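Peer 1: What follows is the residue order along each chain.
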Amino acid sequence: MMKRNRLKFTIISILVGLLVGAFILLAVGFNPLEAYTIMIRGIFGKPKYISWTIIRSTPLILTGISVAFAFRTGLFNIGAEGQFIIGALVATLVGYFWNLPPVIHAIVAILMACLAAAIWAGLAGFLKAKFGVNEVITTIMLNWIALYLSNAIVFWDKFKRPNSEASQKILETASIRLPKGINFLGDFFRAPVNWGFIIAILVAILIRHILKNTTLGYQLRAVGFNSDAAEYGGIDVKKNIVISMAIAGALSGLAGAVHVLGVTEEVSVLAAMEGNGFDGIAVSLIAANSSIGCIFAGLLFGGLKYGGYKIQPAMGAPSEIISIVIGIIVFFISMPKLIEMLTTLRARRKRGGEIESK
Amino acid sequence: MERLSLNDLGLIIGISLMYAAPLMYTALGGVMSENSGVVNIGLEGMMTIGAFVGTTVAYFSGSPWLGFLMGGLAGGVLALLHAIACVSFAADQVVSGIAINFLGPGLALFLSRVFFDGATMTAPIPLQNKIPRPMNNLFTKGSFLDLVLNQYATVYLAFLLVFIVWFLLYKTKIGLRIRAVGEHPKAADTLGINVFRVKYLAVILSGVFAGLGGASMSIAVVSNFRATLISGQGFIALAAMIFGKWTPQGSMWACLLFGAAQGIVVYLGGTDIKVSSQILEMIPYVLTLIILMSFVGKATGPAANGVPYEKNEA
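Chains A and B, in that order, are what the protein sequence lines are. In case it helps, the working numbering puts the first sequence at residues 1 to 358. In case it helps, the working numbering puts the second sequence at residues 1 to 314.
It is possible that some hints are incorrect.
Calculated lysine to aspartate or glutamate pairs in the DMTMM-like style (CA-CA distance at most 25 Å, straight line) [claimed, not checked]:
| hint | chain 1 | residue 1 | chain 2 | residue 2 |
| --- | --- | --- | --- | --- |
| 1 | A | K8 | B | E310 |
| 2 | A | K158 | B | E281 |
| 3 | A | K337 | B | D189 |
| 4 | A | K337 | B | E310 |
Residues from chain B that face chain A, not an exhaustive set, calculated with beta carbons under 10 Å [to be verified]:
| hint | residue |
| --- | --- |
| 5 | L80 |
| 6 | F102 |
| 7 | L111 |
| 8 | D189 |
| 9 | T228 |
| 10 | S277 |
Beyond 12 Å from chain A on every Cβ pair, some chain B residues (computed) [to be verified]:
| hint | residue |
| --- | --- |
| 11 | L4 |
| 12 | L69 |
| 13 | I193 |
| 14 | R197 |
| 15 | A240 |
Keep in mind the hints are simulated off the structure, nothing from the lab. None of the values given here were measured: they were computed from a predicted structure. We put the CB at the ideal spot given by N, CA and C, even for glycine.
Here chain A stands alone, though its shape is the one from the complex (with noise of 0.2 Å):
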């Protein structure tokens, strides 16, 4: 499908879910522009609510590549909530427990978390090369292994902080916020910036760099494609299926090592998902697996949730809409053929319009 109509799917699709959710509210006895603009001030109102938002953003971000990476290569990342988990996990762990110098701490933290998760998502890629299971299964299974993994750790006495349900803070020499006490851009810096946003911009330089310009991303993307016709052409397919859940779950890790040490600065106990991972997959869809699409869809994404939780104080309207707004997103985004549809008939007509005018 030609580029410029994908974006111009994608535009409609969101306008489509917002129009649909202003409906539902107003069912529901809600100003919808009421509560749009309470969203969009929500967002802009302040520099402090725009950092915040960028904040809330990057684990989407780079939760959004991770799966767009697989899917690229014809996998189904369904996994990056769990290596999420596990990349936040050991980067609270090399962050509470290890003892070296600013920066360097903060990028062995960072590093040990991509390792842990490229590991936990390449068993995934390892038992479908060698055994055929199902990536699907796999990934699903290994979420929940990792949710109980990680709250069984945090509950390790040395590790959890007395009357709490969490972890120990990390060192600040593990942390990459920004230091405080900048006065920039008004309240812009009262949120705690870090680098994780500057980071996520890079890895979807280096992830489209990889794909489009080296021989692994052109090997991963022809695996994707045909992996019939890869293997015929000489491509080691079942590598190449370990080297890209590797990869994605590299990805998924340094979401939740950036969240971490930028963030929260600890790991809490996990009642249920917490959900970074699935909305990855709705980000890489409306980014259409595109990694520069990642950062504007994972800005969205992040937007809308950040935004939108503010109509519930406000005026006391149902937070959830965003989430059925973004389904009703991800579900036009399916059909193609329905927008594709729609949009002819409107050219058809305007066409027959000035026929008929004439």
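Here the structure of chain A is known, so what remains is to put chain B in place on it, guided by the hints.
Peer 2: Structure of chain B alone, referenced to chain A:
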């Protein structure tokens, strides 16, 4: 370590059955849809809306059975969306399913806040309005048979449904049509089968079953809906369906395995064996991975699963 008594075993089996039932309904939903060639990753969302609608209708009407049916219906409505996208508009089925997984929980929590004064938790239905237990008071309280058989009616219905779906798929004309459409839609079309109608039927039924699964959770296993009630069970049912190689009976065994793990976790929680409950909770998933690796191997679904069927395609 104390020895496992007969009653302990009964407790484990009983709890296993109770937790397996919601998964069974939902996995059967997956079986229906995917045998007709439509991938249904949206089971999670359909199950969630079923759980919410089921318990809410039961709460306001006072009738658990009406709630149960309405839960199924709600799942069916979401599935209709999935069917419209996947069957009529050749949508990417995974993408549409993901959309359903945002819509289902989103709608459930949204409506919960509307109906229950801003709470993401519905009011609990009174005990006498829960799904009945047909074999209550039949056996001595706490005896082995009582622990195993004194189940909510929805548990028995789940097993009945396994049989019904099996019979439908393998012993009736419509079942043959569903499978034909899933394996080779073009051939089925040539033979005069209305591919679209069959797919619609299978996908909607799949949502109904998933909705019943959710409702059987919120009206029987517990007595209200909350944000974390379903969280992930739809995906486990999906995994169980793949694990069961897309057959109703295979899915049933896989669901029983997940249920059994839950039963063991609950049992060990009540003894003085000190094992981290987190580690115990992990076991069924680890076990599934090992079993998949060693016994099941390559899981292949229906041949045309996930491929949109477009009639006028050359």
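Peer 1: Could you run down the list of hints and mark each one as holding or not?
Peer 2: Right, here's what the structure says about each hint:
{"no.": "1", "hint": "K8/A x E310/B", "result": "23 Å, holds"}
{"no.": "2", "hint": "K158/A x E281/B", "result": "22 Å, holds"}
{"no.": "3", "hint": "K337/A x D189/B", "result": "22 Å, holds"}
{"no.": "4", "hint": "K337/A x E310/B", "result": "11 Å, holds"}
{"no.": "5", "hint": "L80", "result": "12 Å, violated"}
{"no.": "6", "hint": "F102", "result": "3 Å, holds"}
{"no.": "7", "hint": "L111", "result": "8 Å, holds"}
{"no.": "8", "hint": "D189", "result": "19 Å, violated"}
{"no.": "9", "hint": "T228", "result": "4 Å, holds"}
{"no.": "10", "hint": "S277", "result": "9 Å, holds"}
{"no.": "11", "hint": "L4", "result": "24 Å, holds"}
{"no.": "12", "hint": "L69", "result": "24 Å, holds"}
{"no.": "13", "hint": "I193", "result": "23 Å, holds"}
{"no.": "14", "hint": "R197", "result": "19 Å, holds"}
{"no.": "15", "hint": "A240", "result": "9 Å, violated"}
Of the hints listed earlier, those the structure fails to meet are numbers 5, 8, 15, in rising order.
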